[in-house]
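Protein chains in written order, with the numbering used here: chain A, 11 to 452; chain B, 155 to 455; chain C, 416 to 655.
Hints in this document: simulated from the structure, not taken from any laboratory.
Treat the hints with caution; some may be incorrect.
Restricting the straight-line Cα-Cα distance to at most 27 Å, the calculated cross-link-like pairs of lysine-lysine (DSS-like) are [claimed, not checked]: (1) 370(B) / 164(B); (2) 643(C) / 202(A); (3) 617(C) / 202(A).
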Amino acid sequence: MTYHNPFTPPRKSATFDDFTLAEIRRAAATGIYDIRGAGTKRKVPHFDDLLFLGASISRYPLEGYREKCDTSVVLGTRYAKKPIHLKIPITIAGMSFGALSGPAKEALGRGATISGTSTTTGDGGMTDEERGHSETLVYQYLPSRYGMNPKDLRRADAIEVVVGQGAKPGGGGMLLGQKISDRVANMRNLPKGIDQRSACRHPDWTGPDDLEIKIMELREITDWEKPIYVKVGGARPYYDTALAVKAGADVVVLDGMQGGTAATQDVFIENVGMPTLACIRPAVQALQDLGMHRKVQLIVSGGIRSGADTAKALALGADAVAIGTAALVAIGDNDPKWEDEYRKLGTTAGAYDDWHEGKDPAGITTQDPELMQRVDPVAAGRRLANYLKVMTLEAQTIARACGKNHLHNLEPEDLCALTMEAAAMAQVPLAGTSWYPGKGGF
Amino acid sequence: MCGIVGLFLKDSRLEPQLGQLLSDMLITMTDRGPDSAGIAIYGPATDGRAKVTIQSAKPAVDFADLERDLAEAGLPARVAIKSTHAIISVAAARLADVRSVLASIRPDVRVMGSGDSVEIYKEIGLPKDVVARFDARSMSGTHGIGHTRMATESAVTTLGAHPFSTGSDQCLVHNGSLSNHNNLRRELIREGMAFETQNDSEVAAAYLTAEMAKGKNLGEALTTALDDLDGFFTFVVGTKSGFGVVRDPIACKPAVMAETDQYVAFGSEYRALVNLPGIEDARVWEPEPATVYFWDHEKAA
Amino acid sequence: MDASVKRESLEAMRVFDLASTPLRELNSALHAIAPGTNDTNFEVVNPRGSHAVAVGIDQPVTVNVRGSVGYYCAGMNDGGTVTVHGSAGPGVAENMMSGTVVIEGDASQYAGATGRGGLLVIKGNAASRCGISMKGIDIVVHGSIGHMSAFMGQSGHLVVLGDAGDALGDSLYEAKLFVRGSVKSLGADCIEKEMRPEHLKKLAELLDRAGVKNVRPEEFKRYGSARKLYNFNIDNADAY
Chain A
11 MTYHNPFTPP RKSATFDDFT LAEIRRAAAT GIYDIRGAGT KRKVPHFDDL
61 LFLGASISRY PLEGYREKCD TSVVLGTRYA KKPIHLKIPI TIAGMSFGAL
111 SGPAKEALGR GATISGTSTT TGDGGMTDEE RGHSETLVYQ YLPSRYGMNP
161 KDLRRADAIE VVVGQGAKPG GGGMLLGQKI SDRVANMRNL PKGIDQRSAC
211 RHPDWTGPDD LEIKIMELRE ITDWEKPIYV KVGGARPYYD TALAVKAGAD
261 VVVLDGMQGG TAATQDVFIE NVGMPTLACI RPAVQALQDL GMHRKVQLIV
311 SGGIRSGADT AKALALGADA VAIGTAALVA IGDNDPKWED EYRKLGTTAG
361 AYDDWHEGKD PAGITTQDPE LMQRVDPVAA GRRLANYLKV MTLEAQTIAR
411 ACGKNHLHNL EPEDLCALTM EAAAMAQVPL AGTSWYPGKG GF
Chain B
155 MCGIVGLFLK DSRLEPQLGQ LLSDMLITMT DRGPDSAGIA IYGPATDGRA
205 KVTIQSAKPA VDFADLERDL AEAGLPARVA IKSTHAIISV AAARLADVRS
255 VLASIRPDVR VMGSGDSVEI YKEIGLPKDV VARFDARSMS GTHGIGHTRM
305 ATESAVTTLG AHPFSTGSDQ CLVHNGSLSN HNNLRRELIR EGMAFETQND
355 SEVAAAYLTA EMAKGKNLGE ALTTALDDLD GFFTFVVGTK SGFGVVRDPI
405 ACKPAVMAET DQYVAFGSEY RALVNLPGIE DARVWEPEPA TVYFWDHEKA
455 A
Chain C
416 MDASVKRESL EAMRVFDLAS TPLRELNSAL HAIAPGTNDT NFEVVNPRGS
466 HAVAVGIDQP VTVNVRGSVG YYCAGMNDGG TVTVHGSAGP GVAENMMSGT
516 VVIEGDASQY AGATGRGGLL VIKGNAASRC GISMKGIDIV VHGSIGHMSA
566 FMGQSGHLVV LGDAGDALGD SLYEAKLFVR GSVKSLGADC IEKEMRPEHL
616 KKLAELLDRA GVKNVRPEEF KRYGSARKLY NFNIDNADAY
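With the sequences and hints as input, model every part of the structure.
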């Protein structure tokens, strides 16, 4: 009789998993950290872990086809002479011409305009196409100041001072030379084909006391007409929100770590910042502590995908949300119909994030003249409008079920949490209990 | 994040106006910090006497009969009340006893600072209200510093207001935000320093006190601070006879200085300096990064 | 018609006393000017360090400011001629598009930051970060400049008659830097470059426009980008 050793299958490390091993080999081979676009891909507690309670006997729902559920929102009521009136509380987040192609920017403007909402410029300035196709356009004021000029400042409907982004709070960006076409180079006063480095701090102010003076200057230049937004990454949301308000913001834009970027280090995207879910309550608390909740509006972004996400963000205290990645998907980004071409790039539809390399088969995150022809701005704009309509109807459906005649009347008490993490982060009771962990302090 | 002012008089004829001048400078910086304001004045010292500035949330209760209760506790003292603050004057040799006696007879009273000459007044609110509450305009002195605060990451409280005083006749005001103050606070606590707040600026003050306790002068302590403190800072620091300024090596936070035969002045902005006598002809400059500026009455004398 | 022309010329000099008039009135008057009017001379008195004085000008007006100003004086100037008879706080002429800004005294940090065009003349010294992220502006400093000047400068010219502080031209793109005095240190990717005839010619023109007398272009050294950071290379990683 021969003795059979019991077979032990080879075991891979959970710590050094295949992805980690490949990343170590890639770093050793190239000597450069991985740069990519989009937001975090790791799983973090999110709106999926919250549910709405609805209504039965203790609350009465609204009748969906008869009774109105208002979705409008006014942004910039604090100081601006001309606040922004939107039909829906879902805006399009800042994405630059440069990171995106001209037709993609046009599609965003068209879709937003049909839907009665705003779109936003990005690092790199305002294009005529974008201004022309966007009824309401927010002009970003960024550390790089690429494409910044007073004419565009005056033809914008609002100004967004960008202090940080959820994908990289505290970091700058880098657009690799491949995407610096003649037109992008010209708009950014850069030589063609070189890496464009974006600074992490504004060149002419540091800190909230200086920001107050900077906001005053922007108001003086635009005769106090335009709402001034301040956008921060989800880093220390209580203090950042409080300081934006103290510095004089009309609107605070808070971008959680699921928020996308055109290009930055993967290590930054995956390891810095807080999940969107965890950012909202501290920010709302700061507004409430200052007596400014609903007076200074809060726009939340970072991983918003549906009407349910929108309703949950609003229930936690936001006035509106912004979408970036979802809007790109709506206009055709990562569409499986380009799968063959994604494969040639060594990726697959749904995973493509090398936006900085400028080879996007969908023609969206590229400056390649042939690829960008694949975006029909009219059709893509319509798709975005359809998607925004669905999101709005979904949010209304939920709000009516909770008995609300306005989305803004959703409250944290309309929610329960499925997990301890979500309960703690959203300060919403664990389903079936009246308890959530970590009461008091942030 | 804040507005800072400082004034160091070279000409003793200006001393009666110190409070007036510094108050105006501080009020001009209101926009830079709406949360709280404070002022430290180095007034005339009395030989053999020391003073302690205390603060109370219930001054009517805590300060009533304080002089009598101190005497009954075996600590003869004079008490001068100014709104929520009071100055306790004792024999210099008894200075160390004040805190312990107060802890037993007035446990809710907080010590703002102590020394031979410094008096420190700070409260939540706008500079103009803080200045009026403490009648700061009437104070005379040789030098002083002031601060108006826009709180970043610690609470808006009286104790969180600047100036911070962590040693005898020492005080500090800060504009900026330190990034390694939590670790440094833990080290300083191990070395025996006590902290009243979670404020980063208090750590800077305590750091300088600890370094000076090791035998460094203020200038030397500010020099090592450049290596040991991380983050953004402009500090203005007072000692019994000295006045120092230092900015971090990046030097983003604003700072303007002016010097004439009569004074050295510091402001976060030039606006703070425009009312000073003879400012039109002063030498006005911005302090260099990572450079210690230091004036001392005793050295000058 | 004649009468209205006459009235305009009588009002040709408009005085704003900032001790008694809100800043808003000054800036809105500057923005209300229609193209082609004669009513283009402004006098600002008692600025006392005020911020955002004469910002957002978009017509060829002349503004004389009698005294020192705070942050962002003449910010985003597009075609105006602004003279500060005093010193300027942080960010003077930030993001200027065109026109001329003259500071008779010193300028604080960030002078001419991100400027895209026009001429900024500082007759005294400029503090740190002079010309940071400049994008086409020409800056002439009669005195010296502080550290980190022309950081990430993209285009335009920075001329310094005195000395430059630490890290001049760090991460420089195509801005051209001319310094007559000493340079405490050069920033990453900034190097001294050969002064060619076209540079001497441009420098002479800038010195002339900035009212500099008795200084020859040959007395300057030219600094520019080594262009080693233009495309990422791991061997340059220490410079990031």
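Comparing the hints with the structure gives:
1. 370(B) / 164(B): holds (24 Å)
2. 643(C) / 202(A): With a Cα-Cα distance of about 15 Å, the restraint between residue 643(C) and residue 202(A) holds, given a limit of 27 Å.
3. 617(C) / 202(A): holds (24 Å)
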